[in-house]
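> Listed here are the chains, written in short residue letters.
There are 2 protein chains.
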Amino acid sequence: MNFNPQLDLRLVRTVPVSRADVWRAWTEPERLKPWFCPRPWTTIDCEIDLQPGGVFRTTMQSPEGQLFPNRGCYLAVETHQRLVWTNALSAGFRPSLMTETCGSDEAGFMFTAIIELADDPQGTLYTATVKHADVKGCQTHAAMGFEQGWGIALDQMVAMIQSSARD
Amino acid sequence: MNFNPQLDLRLVRTVPVSRADVWRAWTEPERLKPWFCPRPWTTIDCEIDLQPGGVFRTTMQSPEGQLFPNRGCYLAVETHQRLVWTNALSAGFRPSLMTETCGSDEAGFMFTAIIELADDPQGTLYTATVKHADVKGCQTHAAMGFEQGWGIALDQMVAMIQSSARD
Numbered sequence: 002m003n004f005n006p007q008l009d010l011r012l013v014r015t016v017p018v019s020r021a022d023v024w025r026a027w028t029e030p031e032r033l034k035p036w037f038c039p040r041p042w043t044t045i046d047c048e049i050d051l052q053p054g055g056v057f058r059t060t061m062q063s064p065e066g067q068l069f070p071n072r073g074c075y076l077a078v079e080t081h082q083r084l085v086w087t088n089a090l091s092a093g094f095r096p097s098l099m100t101e102t103c104g105s106d107e108a109g110f111m112f113t114a115i116i117e118l119a120d121d122p123q124g125t126l127y128t129a130t131v132k133h134a135d136v137k138g139c140q141t142h143a144a145m146g147f148e149q150g151w152g153i154a155l156d157q158m159v160a161m162i163q164s165s166a167r168d
Numbered sequence: 002m003n004f005n006p007q008l009d010l011r012l013v014r015t016v017p018v019s020r021a022d023v024w025r026a027w028t029e030p031e032r033l034k035p036w037f038c039p040r041p042w043t044t045i046d047c048e049i050d051l052q053p054g055g056v057f058r059t060t061m062q063s064p065e066g067q068l069f070p071n072r073g074c075y076l077a078v079e080t081h082q083r084l085v086w087t088n089a090l091s092a093g094f095r096p097s098l099m100t101e102t103c104g105s106d107e108a109g110f111m112f113t114a115i116i117e118l119a120d121d122p123q124g125t126l127y128t129a130t131v132k133h134a135d136v137k138g139c140q141t142h143a144a145m146g147f148e149q150g151w152g153i154a155l156d157q158m159v160a161m162i163q164s165s166a167r168d
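Residue numbers (our numbering), protein chains in the order written: chain A, 2 to 168; chain B, 2 to 168.
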């Protein structure tokens, strides 16, 4: 996967859980909601139609109770290996309006996210890449705390997987 | 395929050529350029990377010599059956800037195009569906002459296929 440092953000981590468990945490609503937002934010709703052109929709809630709906569309679904979706399209590959997807042209941005999973002696090599349309979108996302936010969410995911394995 | 008459445009025709020939005319640059623009417009360049995430790029030329580049990305490639691409994304599924894709926010619009081919006693049932983000984009495309333009191009395609069969 080409990486353009002007336009793309990336988080690479080795996590002590299996590829199959990471895949489930990304693709089953009940296993996504517990970890998807850095707490004290929460994910209160999630809809997944796991096929290219299928919807990926979440609703995040701020600690003050404000709701932030996100709507996107899957582009590639390669079980246990690679998951790609974008907020530039909605269900059925229909183009999204920037204003609908992002709230406002100023703060929002279109992106495509790619989760890649590979075997690693310690568990799974986890690579999350987010591609933006332009430098401004990439910088906006970086300034929002992409790396910290996605890192904390990943920690929450690993803790959830380990906790459910102990049950 | 759901059809929303507020947001989608569609051309349905039976054409007296095979699905395989229509597929080649859509997916091989040298077989696309002769028919893709209603004459006297021409298609002077075409790049095709026929896989989801691969580029679909054309350059049209007006009778006055002005160039109009178009850049999109394939979303689904089902040989002889279904071809889907969008100008809302560029190669590698990267979101496109509206201003880059469409020249200006006023005249342009994002779309996803779906070509579906089915067997028919007379040859091939050809269905071209174009999905837009909003009513305005759909109306803009209709006012530009979607139905006539795509119809003329299809006639040119059929003539090219029949002509090359006679060679």
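Keep in mind that the hints were calculated from the coordinates and are not lab data.
There's no promise every hint is true.
Said to hold, decoys possible - Label pairs and their calculated CB-CB ranges: (1) A:79 x B:70: 28 to 36 Å; (2) B:51 x A:71: 25 to 33 Å; (3) A:52 x B:98: 35 to 43 Å; (4) A:52 x B:68: 54 to 62 Å; (5) B:60 x A:150: 57 to 65 Å.
Claimed, not checked - Facing chain B, according to a computed beta carbon distance under 7 Å, are these residues of chain A, among others: (6) 16; (7) 18; (8) 19; (9) 78; (10) 89; (11) 94; (12) 95; (13) 116; (14) 119.
These numbers come from a predicted model, not from an experiment.
Heads up, the beta-carbon is just placed ideally off N, CA and C, and yes, glycines get one too.
> If a hint holds in the structure, say so; if it doesn't, say that too.
Checked hints:
1. A:79 x B:70: 28 to 36 Å: holds, 31 Å
2. B:51 x A:71: 25 to 33 Å: holds, 31 Å
3. A:52 x B:98: 35 to 43 Å: violated, 28 Å
4. A:52 x B:68: 54 to 62 Å: At roughly 37 Å between Cβ atoms, residue 68 of chain B and residue 52 of chain A fall outside 54 to 62 Å, so the hint is violated.
5. B:60 x A:150: 57 to 65 Å: violated, 40 Å
6. 16: This hint is violated: residue 16 of chain A lies away from chain B, its Cβ roughly 24 Å from the closest one there, beyond 7 Å.
7. 18: violated, 27 Å
8. 19: violated, 26 Å
9. 78: Interface hint status for residue 78 of chain A: violated (10 Å vs cutoff 7 Å).
10. 89: holds, 4 Å
11. 94: holds, 5 Å
12. 95: This interface hint holds because 5 Å falls under the 7 Å limit.
13. 116: violated, 13 Å
14. 119: violated, 19 Å
When the structure is compared with the earlier hints, violations turn up for hints 3, 4, 5, 6, 7, 8, 9, 13, 14 and for no others.
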